[in-house]
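The whole structure should be built from the sequences, with the hints applied where relevant.
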Amino acid sequence: MPATDRLHGTLDALVLKALSLEPRHGFGILRWIAERTDDVVRVEEGSLYPALYRMERDGWLIAEWGATDQGRRAKFYSITAKGRRQLAAETRELASFIAAITPVLLPA
Amino acid sequence: MPRDTRSSTWSLLKRPRIEEEVDAEFAFHVDMTMQMLVAQGMSAGDARAEAVRRFGDIAVVAAECLRFGRQRDRSRSRAEYMSELKQDIAFALRQLGRTPGFAITAIVTLALGIGATAAVFSALYAVVLSPLPFANPDRIVQFEAMRRGSPEQIFTGAELSALRARTDAFSYVAGVRFGAGFTLTGLDAPQVIGGMLVSADYFRVLGVSPRIGRSFVDSDDHPGAPRVVIMSDRFWKKSFAADPSIVGRTLRFDDEQYSVIGVMPPEFDALGAGNEFWAPLRLSAEQLASQSGRSLSVLARLAPGVTLARASDAARAAMRVAAAQNPSASKEVSARARRYIDTIVGDYRQRLFVLLGAVGLVLLIACVNVANLLLARGTVRARELAIRAALGAGRGRLVRQLLAESLVLALAGAIVGIALAFALVKVLVALAPSGVPRLDHAAVNGVVLALTFGVAIGSSIVIGLVPSLRSAGPALQTALREGGRGSGGARRDPLRAFLVATEIALAMTLLTGSGLLIRTAIHLQQVNPGFRPTNLMTARVLLPGARYHDAPLIAQTYDQIRSATLRVPGVQHAALVSVVPLTHNQLATSVAPEGRVLSADERISADFRYASPDYFDTMGMPLVDGRDFARTDDASAPKVCIVSASLAKKLWPGERAVGKRLEVMSDKITVVGVSGDVHDAALNVPPSPTLYMPYQQMPAAMWVVTGRSLVLVVRTIPRPETLLSALQKAVMTVDPSLPLTDEGSMSDILASSMAKSRFNMMLLATLGAIALVLASIGVYGVVAYFVSQRTREIGVRMALGAAPAHIWRLVLSRGLRPIVWGAVAGAAMSLATAQLLREQLFGVAPDDPATLLMVGGLLLAVAALATLAPARRAMRVTPASALAAE
Chain A
1 MPATDRLHGT LDALVLKALS LEPRHGFGIL RWIAERTDDV VRVEEGSLYP ALYRMERDGW
61 LIAEWGATDQ GRRAKFYSIT AKGRRQLAAE TRELASFIAA ITPVLLPA
Chain B
109 MPRDTRSSTW SLLKRPRIEE EVDAEFAFHV DMTMQMLVAQ GMSAGDARAE AVRRFGDIAV
169 VAAECLRFGR QRDRSRSRAE YMSELKQDIA FALRQLGRTP GFAITAIVTL ALGIGATAAV
229 FSALYAVVLS PLPFANPDRI VQFEAMRRGS PEQIFTGAEL SALRARTDAF SYVAGVRFGA
289 GFTLTGLDAP QVIGGMLVSA DYFRVLGVSP RIGRSFVDSD DHPGAPRVVI MSDRFWKKSF
349 AADPSIVGRT LRFDDEQYSV IGVMPPEFDA LGAGNEFWAP LRLSAEQLAS QSGRSLSVLA
409 RLAPGVTLAR ASDAARAAMR VAAAQNPSAS KEVSARARRY IDTIVGDYRQ RLFVLLGAVG
469 LVLLIACVNV ANLLLARGTV RARELAIRAA LGAGRGRLVR QLLAESLVLA LAGAIVGIAL
529 AFALVKVLVA LAPSGVPRLD HAAVNGVVLA LTFGVAIGSS IVIGLVPSLR SAGPALQTAL
589 REGGRGSGGA RRDPLRAFLV ATEIALAMTL LTGSGLLIRT AIHLQQVNPG FRPTNLMTAR
649 VLLPGARYHD APLIAQTYDQ IRSATLRVPG VQHAALVSVV PLTHNQLATS VAPEGRVLSA
709 DERISADFRY ASPDYFDTMG MPLVDGRDFA RTDDASAPKV CIVSASLAKK LWPGERAVGK
769 RLEVMSDKIT VVGVSGDVHD AALNVPPSPT LYMPYQQMPA AMWVVTGRSL VLVVRTIPRP
829 ETLLSALQKA VMTVDPSLPL TDEGSMSDIL ASSMAKSRFN MMLLATLGAI ALVLASIGVY
889 GVVAYFVSQR TREIGVRMAL GAAPAHIWRL VLSRGLRPIV WGAVAGAAMS LATAQLLREQ
949 LFGVAPDDPA TLLMVGGLLL AVAALATLAP ARRAMRVTPA SALAAE
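Residue numbers (my numbering), protein chains in the order written: chain A, 1 to 108; chain B, 109 to 994.
Rather than coming from a laboratory, the hints here were simulated on the basis of the structure.
In this text the structure is predicted, and so the values were computed from the model without any measurement.
Incorrect hints may have been included.
Claimed, not checked - What follows is a set of in silico ranges between Cβ atoms, one per label pair, in the way DEER data are often shown:
no.	chain 1	residue 1	chain 2	residue 2	range
1	B	Asn553	A	Glu22	36 to 46 angstroms
2	A	Ile62	B	Leu573	30 to 40 angstroms
3	B	Arg206	A	Glu22	48 to 58 angstroms
4	A	Ile62	B	Ser151	49 to 59 angstroms
5	A	Ile62	B	Gly566	34 to 44 angstroms
6	B	Arg322	A	Thr10	14 to 24 angstroms
7	A	Ile62	B	Asn553	19 to 29 angstroms
8	B	Ala198	A	Ile62	54 to 64 angstroms
9	A	Ala67	B	Ala198	35 to 45 angstroms
10	A	Ala88	B	Ser191	27 to 37 angstroms
11	A	Thr10	B	Leu573	49 to 59 angstroms
To be verified - If you want the ones that stay clear, here's a sample from chain B, every Cβ over 10 angstroms from chain A, calculated:
no.	residue
12	Ala132
13	His137
14	Thr141
15	Cys173
16	Gln179
17	Val325
18	Met729
19	Gly762
20	Val772
Just so it is clear, CB atoms sit at the ideal spot from N, CA and C, and this is done for glycine as well.
Rendered as structure tokens:
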């Protein structure tokens with residue numbers, strides 16, 4: 001698998017995972033990822049938004065305008081059934097990728 | 109966490125433009141980041157700058173989002189459109205289900221039109237349009253020479269060599285002797301199989317390799333080389349049960365051993381039946397340099413980048429080179445290269461396109477008919493549509509909904525039509541005259557299906573657009589006001605009258621075409637062929653070259669065959685001839701009266717054939733002067749000939765031909781008789797001047813050209829077919845290994861020579877009849893509708909004392925007016941389109957007034973008949989029933 005696909009796939013998997021629990025806006029997704037990885041993984045805005053639009057186009061996400069807790073209008077994304085299938089597939093591939101490279105890069 | 113995502117329903121009704129969406133989303137993100145950074149202690153200004161910085165090149169990011177967003181919107185609107193279309197189609201299906209009579213009429217009408225179109229297109233595709241089973245078939249050419257003003261596709265060995273030398277224009281050049289027949293012995297029974305003798309390069313020209321075994325190589329193509337043969341897939345399967353070990357086996361062809369080196373792939377069978385084997389030509393160096401004896405067809409593959417025009421130039425130059433080697437040969441030979449596919453397809457291209465045009469007219473009539481039906485429904489349904497419009501359906505949506513209805517009709521018509529086409533193609537192939545190239549491959553294939561559905565969608569637009577635009581038009585309000593009687597549109601209905609006139613015009617065009625072809629067939633029937641075809645049997649006898657190589661033995665064997673045949677009971681006359689009339693195998697040469705030098709323009713061309721004594725009596729051809737050949741006119745006797753009346757007139761106008769001498773093929777021979785003329789090429793072609801020579805005087809070289817074969821012609825007392833096996837036995841008493849081939853009665857040959865024009869006539873007449881029926885249904889529909897809409901008015905008129913004759917006139921004039929207009933327009937269209945048939949007509953001009961009048965009269969009579977029933981109904985209207993209908 002080419003490296004760019006792997007990167008795409010990882011970003012997609014993180015975003016889908018973030019949305020699998022509840023709908024969020026883009027900022028919320030970034031915060032969730034940062035919190036869950038103790039700020040180790042820092043997704044860039046410039047990567048996040050094109051990914052969101054791409055996944056929306058492909059029917060993995062749907063977006064709706066709604067109001068935040070503070071009453072601000074924001075675009076909320078939620079995951080679709082197709083998105084969940086994609087998440088499962090990405091997770092599987094990522095796991096096997098890691099399993100494959102771990103003994104190479106981190107020999108016991 | 110969104111508080112209420114559903115509250116923003118405005119986004120469903122009015123989706124924000126994608127640019128606004130991206131801007132708003134990014135602005136929100138920047139604000140949130142800023143808030144977070146400020147909360148961490150950053151100043152507001154720094155926080156903002158940092159928030160924006162985190163986007164990287166924000167313009168690039170936004171552009172990417174926009175691109176994905178637009179793609180999303182496009183697929184969304186497509187999906188929305190599809191779902192609306194689904195609704196429309198479901199609604200259309202319900203509507204049609206409610207009026208099954210209408211639906212069935214419309215679907216059957218369309219199925220007829222679409223099915224006929226698909227069937228004819230299948231034939232057209234198979235014969236004309238489908239590519240040849242060769243590599244880059246467009247690059248293959250066949251050469252054609254113009255000699256003495258007529259095109260000819262055979263060349264000399266020297267000409268082949270000269271063409272081959274033009275490697276700048278042609279990658280490969282191959283000589284081909286088509287129509288070779290070999291006697292294959294050693295299997296069950298001796299049989300003659302057809303094939304070609306070809307140069308080693310032949311398969312390289314075509315770009316095809318055998319499926320098993322090898323192709324020819326140059327070393328196969330020399331006089332001394334071991335004899336090899338490649339066979340067709342068809343023959344391999346039929347005679348050898350697809351035995352994979354066939355390569356290497358030895359077969360006896362004409363008493364010579366040939367080893368099989370390959371089998372061609374099945375696609376190659378498309379060349380047609382009778383092409384079962386290929387063997388090398390094995391021309392000697394002398395033959396390749398010879399400028400006499402044209403017997404080779406020449407095919408070539410164009411070199412890369414060479415155009416047809418350049419190829420023709422190269423061919424002309426090659427002809428000059430070949431002619432220069434032989435000063436006595438004629439100098440003004442012009443040549444050209446034609447695409448091979450064009451020479452194969454020949455005039456079927458034009459015939460089939462005419463047929464497709466005719467079928468297109470039938471389809472158009474069918475569409476107009478259905479449009480008319482829909483129009484009538486449109487008026488009845490005006491109220492329903494008005495209500496839907498009042499409830500907020502936009503005009504576009506209404507039009508689309510009506511179009512969905514016609515689309516459903518057309519697609520249903522297409523499905524039934526395709527089923528019909530499967531059957532029609534079979535009928536077409538079965539009825540077609542033999543020898544239509546590639547027709548046996550006609551089938552409803554993917555291309556045909558695609559075209560059919562394209563045609564169906566086109567038809568649905570034609571039949572749906574006019575009525576739907578009108579139904580959904582401004583007349584809606586009137587429809588509501590008039591309480592659903594819908595009479596506003598019906599009182600004056602120029603559109604429907606126009607449609608009826610169109611139908612009549614189209615039907616007239618078709619009927620004129622078929623009328624012309626019918627008259628052609630009648631004229632052909634009346635042509636005297638120049639011989640009596642009844643009770644004449646013909647069969648070809650081939651003497652294998654291995655045993656029959658010298659001319660005296662060949663002549664003697666044929667004489668024995670003729671004598672043996674004459675002993676068969678029931679045989680009245682028997683004769684031999686090189687070629688029987690109407691079989692397209694004539695050989696031609698130029699002749700001159702003795703002692704006169706003719707310029708190129710005066711050159712007299714004549715078909716020539718070799719015949720035995722009693723040929724003219726056997727055929728029932730009159731000898732108008734002089735004597736018949738005798739058995740004593742043999743190789744040792746002075747050379748003699750008989751000329752046809754038309755040749756005598758050309759050679760010695762106003763003088764007696766018998767006793768004079770003529771020069772032919774560097775020989776001087778005496779005319780001993782003059783025969784009647786025969787329609788040799790076809791009944792619709794004037795008799796060609798013909799030279800007959802006794803077969804006993806045939807030069808040895810000519811026996812090679814004719815393949816040592818002659819046709820046995822037998823006049824029988826009983827039906828000729830009944831004597832076939834007795835004739836075969838008689839021939840076998842002379843040599844048991846000689847089979848008869850191409851056996852058939854002369855009546856059959858005559859019939860098959862007319863089969864092409866009969867076939868076209870039959871098809872066009874059938875289409876014309878369908879058109880007539882459809883058009884009269886259309887007329888009936890319009891008049892019946894007119895009467896039903898005006899029942900009340902008619903009742904009132906009758907109550908007020910109108911005479912039935914008056915009502916009769918009212919209704920008839922109503923029905924007939926568009927018919928007359930249609931007939932006038934149809935006459936004009938017929939005059940234009942009949943020109944396309946010009947080449948297929950005989951004895952009748954394309955603008956034949958009698959045909960036009962007859963067709964016009966027929967059409968008017970049928971149309972008048974169609975108005976009669978509704979007119980009678982109108983007369984039976986009583987005031988009471990008219991009021992009750994209210």
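To see whether the hints hold, each was checked on the structure:
no., hint, in the structure
1, B:Asn553 with A:Glu22: 36 to 46 angstroms, "violated, 55 angstroms"
2, A:Ile62 with B:Leu573: 30 to 40 angstroms, "holds, 38 angstroms"
3, B:Arg206 with A:Glu22: 48 to 58 angstroms, "holds, 50 angstroms"
4, A:Ile62 with B:Ser151: 49 to 59 angstroms, "violated, 38 angstroms"
5, A:Ile62 with B:Gly566: 34 to 44 angstroms, "holds, 38 angstroms"
6, B:Arg322 with A:Thr10: 14 to 24 angstroms, "violated, 58 angstroms"
7, A:Ile62 with B:Asn553: 19 to 29 angstroms, "violated, 43 angstroms"
8, B:Ala198 with A:Ile62: 54 to 64 angstroms, "violated, 26 angstroms"
9, A:Ala67 with B:Ala198: 35 to 45 angstroms, "holds, 38 angstroms"
10, A:Ala88 with B:Ser191: 27 to 37 angstroms, "holds, 29 angstroms"
11, A:Thr10 with B:Leu573: 49 to 59 angstroms, "holds, 54 angstroms"
12, Ala132, "violated, 7 angstroms"
13, His137, "violated, 5 angstroms"
14, Thr141, "violated, 7 angstroms"
15, Cys173, "violated, 4 angstroms"
16, Gln179, "violated, 5 angstroms"
17, Val325, "holds, 49 angstroms"
18, Met729, "holds, 84 angstroms"
19, Gly762, "holds, 93 angstroms"
20, Val772, "holds, 81 angstroms"
Violation of the numbered hints given earlier is confined to hints 1, 4, 6, 7, 8, 12, 13, 14, 15 and 16; the remaining hints are satisfied by the structure.
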